[in-house]
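Novice: What follows is each chain in one-letter form.
There are 2 protein chains.
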Amino acid sequence: AVPTETTTTCDGNHVHRLSCDIGVISVQTALYGREDSETCIEGKSLQQISNTECSLLGAVDVLKSRCDGKKVCELSTNIFRPSDPCSDTYKYLQTKYNCFPAIYLVTCEHSVAHLHCDVGQVISVYNADYGRNDHTTCSYERVPSQIQNRDCSNPTSKVAESCSGKNNCTIEASNLVFGDPCVGIYKYLEVAYVCQYPSIV
Amino acid sequence: AVPTETTTTCDGNHVHRLSCDIGVISVQTALYGREDSETCIEGKSLQQISNTECSLLGAVDVLKSRCDGKKVCELSTNIFRPSDPCSDTYKYLQTKYNCFPAIYLVTCEHSVAHLHCDVGQVISVYNADYGRNDHTTCSYERVPSQIQNRDCSNPTSKVAESCSGKNNCTIEASNLVFGDPCVGIYKYLEVAYVCQYPSIV
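Residue numbers (my numbering), protein chains in the order written: chain A, 63 to 263; chain B, 63 to 263.
Careful: at least some of the hints might be erroneous.
[Said to hold, decoys possible] Lysine-lysine pairs mimicking DSSO-like chemistry, simulated, CA-CA at most 30 Å apart:
#1 A:K158 x B:K133
#2 B:K220 x A:K158
#3 B:K133 x A:K133
#4 A:K106 x B:K126
#5 A:K133 x B:K106
#6 A:K158 x B:K228
#7 A:K106 x B:K228
[What the hints assert, rightly or not] If the Cβ cut is set under 8 Å, some of the chain B residues that face chain A in the computed set are:
#8 Y166
#9 V168
#10 C170
#11 E171
#12 H172
#13 S173
#14 H176
#15 E203
#16 V205
#17 I233
#18 N237
Just so you know, the hints here were simulated from the structure itself, not pulled from any lab data.
Ideal Cβ positions, reconstructed from N, Cα and C, are used throughout, including at glycine.
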């Protein structure tokens, strides 16, 4: 399907936000650099916007690993600062993404995730991430130090390995199962999955 | 359409919350006063609840400007304190609203909002607001002082002026375009719009 959403953020310490009301984020392309001379040009010199063939390789992988399978994803363009593809050019970050119609499930640490489909259908895990990406999810009565790190993204294939192909499945959101991507932080498991009829091969 | 949601909050420093899972808030009526003798009466004397013809003029406009076009809207009944329509009566705030099926888009400051419709359809902007109404939206790596003001509501017609009637449109969320409704606060643009076939006049 053609990407339906686009977020463009001018370079600098600004928030790049992707979000899906319905379904979960599925990043299609991500450009960090400059490919036209209309975007983010206020107050910039001709010299800063003339190079329109500048783009950082691998930017899409960073966006995919941070945002795929989530309903909301915020990051800063500063994330690419160490690897500047064209330092004399004023850049922007432009991400194109779909809102993929998956079931989105959040399970707080030390809870058990219950994935399930209707009779005859099986689970197909689109994405799973055990860590913390905001300050509000699974935050009830957590002390500030337990929830202040929101860059603890840890995509995992474990949920797919144990659940894909089954009609229903449970898996515990714990360090024992997923390892500990950020010690001292109270974490949660985000899973995006779909239910489908098993393909008869 | 008949209002589908009602929120009633007894007077005092309490949170009056409107929210829509699907679509955006469209306030229909708002009563600050008293029109019956059953609502919010615990522990109140007869004298405090006998006047059932008390209502503050213009309350609906306050609710509309704060909440229309949003998915969530929280305010306190204290907001009406300075203009008390019947001081000896114990009042409540009752808002009736619809969840209007609009596309809801959030664009953080210094990002570009991309509004778009399918082929043959045009944008019709229902509401747009450039400011800040909560502490979590567009908050990634913002220092607390940049996100602590959540009463910075600034409804604007600029998005409608540049985008209504077009199939797609981009507009930058910046002070340059919208002015600065709250200096020092990191802001975002909330837009609620629908796609419709152009009315052939």
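Novice: Need the list of violated hint numbers for this structure, in ascending order.
Specialist: 4, 5, 16, 17, 18
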